[in-house]
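Trainee: Protein chains in written order, with the numbering used here: chain C, 1 to 394; chain V, 1 to 394.
No lab work stands behind these hints: they were computed from the structure.
Since we're looking at a predicted model, the values are computed, not measured.
Errors might be hidden in some of the hints.
Intra- or inter-copy, both count: the list cannot distinguish identical chains.
[Unchecked claim] Pairs of lysine-lysine residues, derived as DSS-like cross-links and limited to a Cα-Cα distance of at most 27 Å, are as follows:
hint: 1; residue 1: Lys373; residue 2: Lys160
hint: 2; residue 1: Lys33; residue 2: Lys341
hint: 3; residue 1: Lys75; residue 2: Lys330
hint: 4; residue 1: Lys107; residue 2: Lys341
hint: 5; residue 1: Lys107; residue 2: Lys369
2 protein chains.
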Amino acid sequence: LSKYMNQTPHRPESNERFAVNLRVTVAHGHSIKELAMDIAIEQSIEIPEDCIPDETHERGIVGRIETIEPIPDSKNQFDVTISYRTDNTGFSMPQFLNIVFGNISMKNGIKVTSLDIPDSLLDTFAGPQFGIEGIRAMLGVYNRPLACTAIKPIGLATDKLASMVADYSRGGLDIIKEDHNMADLAYHPFMERVARLQEAVVETNASTGGSTMYFPMVNGGFEEIEKQFARVHSLGIRGVLTAPLLIGTDTVRVLSRRYNLAVLAHPAFTGTHFHDPNHGMTPAVLFGTIFRLMGADVSIFPNAGGRFGFTHQECLDVADALKKPLGKLKPAFPCAAGGMKLNLIGAMAETFGADSVLLIGGALMQNSKDLAKNAAEFMDGIRQHFKEERRLPR
Amino acid sequence: LSKYMNQTPHRPESNERFAVNLRVTVAHGHSIKELAMDIAIEQSIEIPEDCIPDETHERGIVGRIETIEPIPDSKNQFDVTISYRTDNTGFSMPQFLNIVFGNISMKNGIKVTSLDIPDSLLDTFAGPQFGIEGIRAMLGVYNRPLACTAIKPIGLATDKLASMVADYSRGGLDIIKEDHNMADLAYHPFMERVARLQEAVVETNASTGGSTMYFPMVNGGFEEIEKQFARVHSLGIRGVLTAPLLIGTDTVRVLSRRYNLAVLAHPAFTGTHFHDPNHGMTPAVLFGTIFRLMGADVSIFPNAGGRFGFTHQECLDVADALKKPLGKLKPAFPCAAGGMKLNLIGAMAETFGADSVLLIGGALMQNSKDLAKNAAEFMDGIRQHFKEERRLPR
C-alpha cells in the first residue's frame, strides 16, 4: 500500500469550479428548480438529498445551480448554469465528459449549450498541438481556406489508392485524408498502405514542389492503436484522421501528442447528440469546445446543405467555438463537409472565411476521370475568392 | 516497408457478411429504397453510386439491402436489413461500431434494432470472460438474483468509504461497486482507495464467512487506465465498474481480459441513443448485444419505473439480448438500476428472474443509518422470493 501512497502526483484539493450551461425543457407538471437540482446531484454525488453529508455540501462537492433564466417566448424552457468542483473531474477527459453529460444523457430535454472551463483544466487538456497557424506552417499556405479530399472507396488495391493520392497531390490539394471506413482491412492492410500512400505524396511533392500532406485514418482497437500512431510518425506523416467517439477522446489526446501528429477529428458516432434540438450536446460544444480541448487541429462536421441536417447557424457556432479565445489553447480549423460540391466553394468561403478547411470527397471524384484536373479546379475555385500567400513550408 | 509486409497477421479476404437490422422512418417525399441505399453506401464505401467501381460491387464490399418490410399500420416506417462484408470491420471493435452506426448517427429516423453477427466476429470479440455462471462461481451463490449496491458519495474520506464497504459486506451483499463518479480524485486517490476498500471487504468476509466482492470504478485517461486495471488485479479484486462509452469499448474488452477482471458495464454517456424512439440504437442493441460482445459480465441499465424513462419492454429486451444464445458467447447478467428501492424487489425479481443483478444505491443508504442492517434487509427481500443455494466460492 505504502508504495502507492505518494506515487500518484495529485494536485491538492481546490474549490475552483467549472460550469456547464444547459437549455432545459421542462415536462408538464415538473418544476425547473427541482429538475436543475436533480441534474446537479445526478452529475456529482448521485444520492438522495437527505443523505448528503453536511461537509460534502460545505466543500462544494455537490453540483451547484448558479443561474436559472427563463427563455423569452417559451413557457417550458430555461437556460440553467450548474457548476462543479473542477477536481471532481480528476483532471481526466473521461471523467470530465462523465460530469458534463454522463448520466443525464439518459434523461430527456437537456441540451448542453456551452462550457465555462478554468485555466487549470484547459492547461491540462492543452488543446491543439498545431492549430491553425501550425497547420499553415506545415503547408506554407496562408490567407485562404485549405483544400482537403478523401481517398476512397475501401476495397481498391493499395496501388490504385496510391495513384489517387499522387493525382490529387499533383492537382495541388493541401490535405488528402483517407476515408473514415479505411481501417486496417485485408484489402489494404494499414501498416503497408500508409507507407505506400505517404511515398506517393512525397514523390509527387518532390516533382511538383508542392506541400500536400497525406493523413491516414487511425481507428484501431486498443491493442493496435498505439502501433498505428507510431507507424504514422515513423514514416514522417504529419497528422491523422481519427474518430474520437470510437477510440476514445483521451486516446486521441495522448497519442497525438506522444507521436507529434496533427489531428483531423471525424464526427462518426456523434450524431445522436444533434437530431433532437432539446437533448444532447450542441454541435458547437462537441465538435467545437470538446474536440478542441482534446487536441483537434481540424474538426470535421456536417455542413448545412449537405447530406446531413445541420443548420447554417449551428455550423457557424462550431467554427466560433473552434476559433474564439479559450485560455492558452490554439484555435483550430473548422471543416464543414458531407456532400460538398465544387460549385459551393464560393458559399463555403463566404461562410467560414480564410481560416477553414474545405473538404470535397465524392463530388471531386465525380467531376471527371482526371483526378489531378479535378483537384486543380478545386484549387482554382478557392483562389478565385482569396489572394493566396505562400511561404516555405516547415 | 518490407518489414511490415508480413507483420500484421491478416485473415485472407472473405465474402462472409454480417447484418444490421434497422427501423427506418421515411420523411415525406422520400422513398424507402433510396434511403436504404443511401445507408448501405454511407456505411461502406461512402461515394456517389456512379463512382463505384464494378469490382467493388462484385466483391460485395458495398453494403447490400437484404430486405425491406413495411411495418403494419404505419405509413412511413420500414424494417430494413442491410448486410456488410464482415472483413470491412477489420475485426476491430471501433470499426465494427463505425459500420453499424458511425455516419448514419448524424442522420435522422434510423434505429438500430438488432445485429446478426457471424461466428468469426463473435469469436474475435469473444464476449464475457465469466458470464452468469462465472460470477456465480466467484460468489458461490445460486438460484437467486445477486444484490449490488454503490458506495457514495464522492468526497468522503477513504476511511469512511472503507467502513461503508465493511458494513455492506457484513450485511451480506454480493457486489459492492463504487459510484461511477468515483474517479481518481484528490479526495480519495484511486491507487490508495482501492487497496483500502478491498482490505475492508476481505477482512469482513474473513470474519463473516461471506463472499462479498468489491468492484472499483475504473475510468482513467489513456495514460492511467492500464495502470488502474493492473492495480485492481494485483490486489486480488475480481472485477471493475467501467463506462465503455467514456474510455472506449475496445479498451474495456482488451484490458479486462489482460487483467482477468469481470466487467460491470455502466451506461454513462449512452443516453442520446434512447430518448427518441426513431433514432439511435435500442437499449437491447447497445446494453445487450454490443456490451455483451465487448465482454460485459453484468450490464447496468436504467430500469422502468426508476428516474430514467425506459419502458418495461425495453428492459426485458436488454435482458433477453444479454442471455439468449449468441454463438459461443457466455450469457451476461442484466442489472436494472436507477432509483430502485427495497419495496420493488418483488417486482424486479418477477421481471428479471433469478439470473439478474439487483442494484439499489441511494435508497439503501436512505433506509436507515445502519448500513449493515439495510443490506441484510435487501438480502432478506431477495430470499423471500427465491430459494438460495450456496456452494464454496471459487
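Trainee: All hints, please: hold or fail.
Mentor: Here is what the structure says about each hint:
1. For a Cα distance limit of 27 Å, the shortest separation of Lys373 from Lys160 inside one copy, 17 Å, qualifies, whereas the shortest one across copies, 70 Å, does not.
2. In this assembly of identical chains, the alpha carbons of Lys33 and Lys341 lie at most 27 Å apart only when taken from different copies (24 Å versus 48 Å within one copy).
3. In the homo-oligomer, the alpha carbons of Lys75 and Lys330 never lie at most 27 Å apart, since the shortest distance is 40 Å inside one protomer and 50 Å across protomers.
4. Proximity of Lys107 to Lys341 under the C-alpha cut-off of 27 Å is restricted to the inter-copy arrangement: shortest distance 19 Å between copies versus 38 Å within a copy.
5. When the C-alpha separation of Lys107 and Lys369 is checked against a cutoff of 27 Å, the pair qualifies neither within a copy, at 50 Å, nor between copies, at 30 Å.
The structure fails to meet hints 3, 5 from the earlier list, while all remaining hints are met.
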